Amino acid sequence: MRKTESNKAWLLVLPVFLLVAFSAIIPLMTVVNYSVQDIFGPGEAYWVGTEWFKEMLRSEDLRGAFVRQVIFSATILVIQIPLGIAIALAMPAKGWAASLSLVLVALPLLIPWNVVGTIWQIFARGDIGLGGWFVNDMMGIGYNYTADSLHAWITVVVMDIWHWTPLVVLLCYAGLRAIPDAFYQAAAIDGAGRWKVFRYIQLPKLRGVLLIAVLLRFMDSFMIYTEPFVLTGGGPGTATTFLSQQLVKIALGQFDLGPAAAYSIIYFLIILAASFVFYNIMVRVGRGDRA
Amino acid sequence: MARIEFQRLAHSYLADPVAPADWALKELDFAWEDGGAYALLGPSGCGKSTLLNIISGLLRPSQGRVLYDGKDVTGLSPAARNIAQVFQFPVIYDTMTVAENLAFPLRNRRMPRAEVRKRVAEALEMLELQPVQNRRAAGLTADQKQKISMGRGLVRDDVAAILFDEPLTVIDPHLKWQLRRKLKEVHERFHHTLVYVTHDQNEALTFADKVVVMYEGEVVQLGTPQELFERPAHRFVGYFIGSPGMNFMGCHLVEDGLGIDGTELVLYGHWAELARRHAKSRLAIGIRPEFLDISPTPRDDAVPTRLMGVQDLGNFKLVTVRLGPHEVVAKLPEDAPVPTDEAHLVFQPEWTRLYADDRLVG
Amino acid sequence: MRLRYLALIVYFGFLLLPIYWLVNMSLKTNVEITSGLTLWPQNLTFANYVTILTDQSWYSGYINSFIYVAMNTAISLTVALPAAYAFSRYRFIGDKHMFFWLLTNRMAPPAVFVLPFFQLYQTFGLFDTHIAVALAHCLFNVPLAVWILEGFMSGVPKEIDETAYVDGYSFPRFFLFVFMPLIKAGIGVTAFFCFMFSWVELLMARTLTSVAAKPIGAIMTRTVSAAGMDWGTLAAAGVLTIVPGVLVIYFVRNYMAKGFALGRV
Numbered sequence: 001m002r003k004t005e006s007n008k009a010w011l012l013v014l015p016v017f018l019l020v021a022f023s024a025i026i027p028l029m030t031v032v033n034y035s036v037q038d039i040f041g042p043g044e045a046y047w048v049g050t051e052w053f054k055e056m057l058r059s060e061d062l063r064g065a066f067v068r069q070v071i072f073s074a075t076i077l078v079i080q081i082p083l084g085i086a087i088a089l090a091m092p093a094k095g096w097a098a099s100l101s102l103v104l105v106a107l108p109l110l111i112p113w114n115v116v117g118t119i120w121q122i123f124a125r126g127d128i129g130l131g132g133w134f135v136n137d138m139m140g141i142g143y144n145y146t147a148d149s150l151h152a153w154i155t156v157v158v159m160d161i162w163h164w165t166p167l168v169v170l171l172c173y174a175g176l177r178a179i180p181d182a183f184y185q186a187a188a189i190d191g192a193g194r195w196k197v198f199r200y201i202q203l204p205k206l207r208g209v210l211l212i213a214v215l216l217r218f219m220d221s222f223m224i225y226t227e228p229f230v231l232t233g234g235g236p237g238t239a240t241t242f243l244s245q246q247l248v249k250i251a252l253g254q255f256d257l258g259p260a261a262a263y264s265i266i267y268f269l270i271i272l273a274a275s276f277v278f279y280n281i282m283v284r285v286g287r288g289d290r291a
Numbered sequence: 001m002a003r004i005e006f007q008r009l010a011h012s013y014l015a016d017p018v019a020p021a022d023w024a025l026k027e028l029d030f031a032w033e034d035g036g037a038y039a040l041l042g043p044s045g046c047g048k049s050t051l052l053n054i055i056s057g058l059l060r061p062s063q064g065r066v067l068y069d070g071k072d073v074t075g076l077s078p079a080a081r082n083i084a085q086v087f088q089f090p091v092i093y094d095t096m097t098v099a100e101n102l103a104f105p106l107r108n109r110r111m112p113r114a115e116v117r118k119r120v121a122e123a124l125e126m127l128e129l130q131p132v133q134n135r136r137a138a139g140l141t142a143d144q145k146q147k148i149s150m151g152r153g154l155v156r157d158d159v160a161a162i163l164f165d166e167p168l169t170v171i172d173p174h175l176k177w178q179l180r181r182k183l184k185e186v187h188e189r190f191h192h193t194l195v196y197v198t199h200d201q202n203e204a205l206t207f208a209d210k211v212v213v214m215y216e217g218e219v220v221q222l223g224t225p226q227e228l229f230e231r232p233a234h235r236f237v238g239y240f241i242g243s244p245g246m247n248f249m250g251c252h253l254v255e256d257g258l259g260i261d262g263t264e265l266v267l268y269g270h271w272a273e274l275a276r277r278h279a280k281s282r283l284a285i286g287i288r289p290e291f292l293d294i295s296p297t298p299r300d301d302a303v304p305t306r307l308m309g310v311q312d313l314g315n316f317k318l319v320t321v322r323l324g325p326h327e328v329v330a331k332l333p334e335d336a337p338v339p340t341d342e343a344h345l346v347f348q349p350e351w352t353r354l355y356a357d358d359r360l361v362g
Numbered sequence: 001m002r003l004r005y006l007a008l009i010v011y012f013g014f015l016l017l018p019i020y021w022l023v024n025m026s027l028k029t030n031v032e033i034t035s036g037l038t039l040w041p042q043n044l045t046f047a048n049y050v051t052i053l054t055d056q057s058w059y060s061g062y063i064n065s066f067i068y069v070a071m072n073t074a075i076s077l078t079v080a081l082p083a084a085y086a087f088s089r090y091r092f093i094g095d096k097h098m099f100f101w102l103l104t105n106r107m108a109p110p111a112v113f114v115l116p117f118f119q120l121y122q123t124f125g126l127f128d129t130h131i132a133v134a135l136a137h138c139l140f141n142v143p144l145a146v147w148i149l150e151g152f153m154s155g156v157p158k159e160i161d162e163t164a165y166v167d168g169y170s171f172p173r174f175f176l177f178v179f180m181p182l183i184k185a186g187i188g189v190t191a192f193f194c195f196m197f198s199w200v201e202l203l204m205a206r207t208l209t210s211v212a213a214k215p216i217g218a219i220m221t222r223t224v225s226a227a228g229m230d231w232g233t234l235a236a237a238g239v240l241t242i243v244p245g246v247l248v249i250y251f252v253r254n255y256m257a258k259g260f261a262l263g264r265v
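Residue numbers (this note's numbering), protein chains in the order written: chain A, 1 to 291; chain B, 1 to 362; chain C, 1 to 265.
Worth flagging that the hints you see were computed from the coordinates, not collected in a lab. Since no wrong hints were added, every one of them can be taken at face value.
Below 27 Å or equal to it, Euclidean Cα-Cα: the simulated DSS-like pairs (lysine-lysine) are:
| id | chain 1 | residue 1 | chain 2 | residue 2 |
| --- | --- | --- | --- | --- |
| 1 | B | K118 | A | K196 |
| 2 | A | K8 | C | K184 |
| 3 | C | K184 | A | K94 |
Quick list of simulated restraints, FRET-style, between CB atoms:
| id | chain 1 | residue 1 | chain 2 | residue 2 | range |
| --- | --- | --- | --- | --- | --- |
| 4 | B | T206 | A | F276 | 51 to 57 Å |
| 5 | A | Y184 | C | R253 | 20 to 26 Å |
| 6 | A | Y184 | B | T206 | 28 to 34 Å |
| 7 | C | A74 | A | A45 | 37 to 43 Å |
| 8 | C | R173 | A | L252 | 44 to 50 Å |
Every value quoted in this text rests on a predicted model; they were computed, and no experiment measured them. Even glycine gets a Cβ: it sits at the ideal position worked out from N, Cα and C.
The shape of chain A in the complex, shown without the other chains (with noise of 0.2 Å):
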């Protein structure tokens, strides 16, 4: 759309930025200004430099935190995508079962993140839960979330499955709508199957969609805590701890200001720079102009 060249626009903004900087501002220079101090009490803080920061890029906890968040952004990332287009695809489009679908898939996604938590701590548990005893019971697996790490890990990623391939399935949903009949029109003319339909229209199609999902899902599991907190707690041992429960754990738990300030500072690069090299990434390999 052709815009109009106006400085005045900025007074509409202004609410917004004032409210955005009181929430993120304020607290992100407190969290700078804690990065470079040791804290004693109130008044009581030293210079301390880059210190904090070289503590924690050698820390063990971190490393490990991350090693283990890469790792799961990667295989729910591996997972949700290819599922939630299968799905999406397989859903109607139109009348009442395309609307009982969408109201059955939105479903996860407004339940409160720690009744997530809790729905499957009670449905992976050996004794009282469904899951944890058909795993157990009929398929005479000794599964235990609890107390085994792998364990652990594929109920978290399984939960997380549970909760946000839905978030996928509702953007390629609404991608695959999108798409104007005549293409599907054109390709029966032109003697296209099923896989030729996908490759060729619906794929390219979904290109805009698909790198929110990748991104939202990128960035979203990158700052899960709530669901594993209340599942497994980050055990066994450090098993499932990522990088925002290990954050909590020295902030809130340890109250090490200085460290967790240094941490978040970290943390928030690294999602940052990811963020960007992906959307750079996937933006060049769908290059092509939307039709």
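Here the structure of chain A is known, so what remains is to put chains B and C in place on it, guided by the hints.
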């Protein structure tokens, strides 16, 4: 290439059509000859897209049959019918190059590589797309994209027909005539059966050998552009084709002639007899503005009328006069004398048509 | 075709089974829950729900959650509407940077902000108030609201604005009575997402409250007591947090696809 025939074809989008208005396409029965260029002309919602979709096989008619060269294809899929279609908005495969787009329908039919290459090269040449053949199709302009759509039909020499669904909608005006000329050229060279859907009379009349005019789900006339102009079979055709459209005046039967409503004017001779045959119908006479003459001075064969206005459109003039309750438009050559106040309208009886209940009777 | 529906049914089964299990448990007594697995309640009881709906310390959690969610949605929409309009219609110094900066806040991990927020709101005396949580949630909901609304507003032709000004409308009158009705679907979608993200967030809501504004999610943790887990009540509390979501989805289901279609969540 094929002769396309419709037998008792009709379609309704409702499961249980009762009233005539429930039918998107009213029963029709006619044929298009092999190798002809046909236009389907009508306003939006007249059923032309429905008919097109039935021809291409995207839609199964509620009743009747579609025959290609005498073979019943009513139940066949678009792919099995072997047709090609160019849509209103460019439909191209974004991720492929121009050449790959053209090769796509051939590859899907498992044609040998060398043959594919040859055909694609031919189509590229014909459509003047060689300079961009290795470019990604997504970045091209709308008219180039429409050429690609057309090309996907041209590469297949066995197509029964190429269908065009208002293909120039998104093309810039100055490129429209180029693309239209290219279409004509393609038709003259390959003699495909072409079906062209449009609501623009100029496109239809310049493109087609025969025009099918549709109105409210019905085919009201099938004829050459000349026939549509000279003998509109339906009031709608008279009004829709030509610029400005045909003049219509309601009329009624008087003792021994045909009286024009609201005037003293009576037409005698064969009109009276024609009118008597349709005495129970709603009667109107119609005459094209091109066939009316206006004289500034009284003449024996002229009717006095009152001048309403003159529009000078460069190479011709439109003169509007009032005859009783009717406003009548005449198209006069640029150099014709323009009456000032009193205008004398001259009818040409051989170009005057009589309509009973909107249909041509004489 | 058959395979496609089979796959869908399996997926929906996967989605619904854990929720079914929660509902199932909420309708059982604790004795039945712990004494063995039963696929549906053998002794159907609503006692767990009665506990929650009659105990003030329980149901106040729901009220608190609703209050801050509603406040957040209202604040987010109020500030985001004019800003989105500015981004969709005008070019001004720093517009692109501003837009990008807003979006980076969507990328900020809540865990990073928890501690500074805690201190900030304590300084301003806002700790343990509904407005504190509502404001904290603005951090991610306002950028989101601006983003979604901008998409909808860009779909409204500029000629409409110009015509209105020519007809003598003042900006506020034009915005309220001409423009807003045109994008009401967009406002609905935005409200939906603000509601959703505020409703599901717990880390900030929990950290910024202690008693007076404590959200239901935080109250749920107290089912762990010396006597062991009160599973039935926990499940019932969980089910009650799902209900508002179901209602909201049901009302906006037709707009939902449209909001997602903009690719802006």
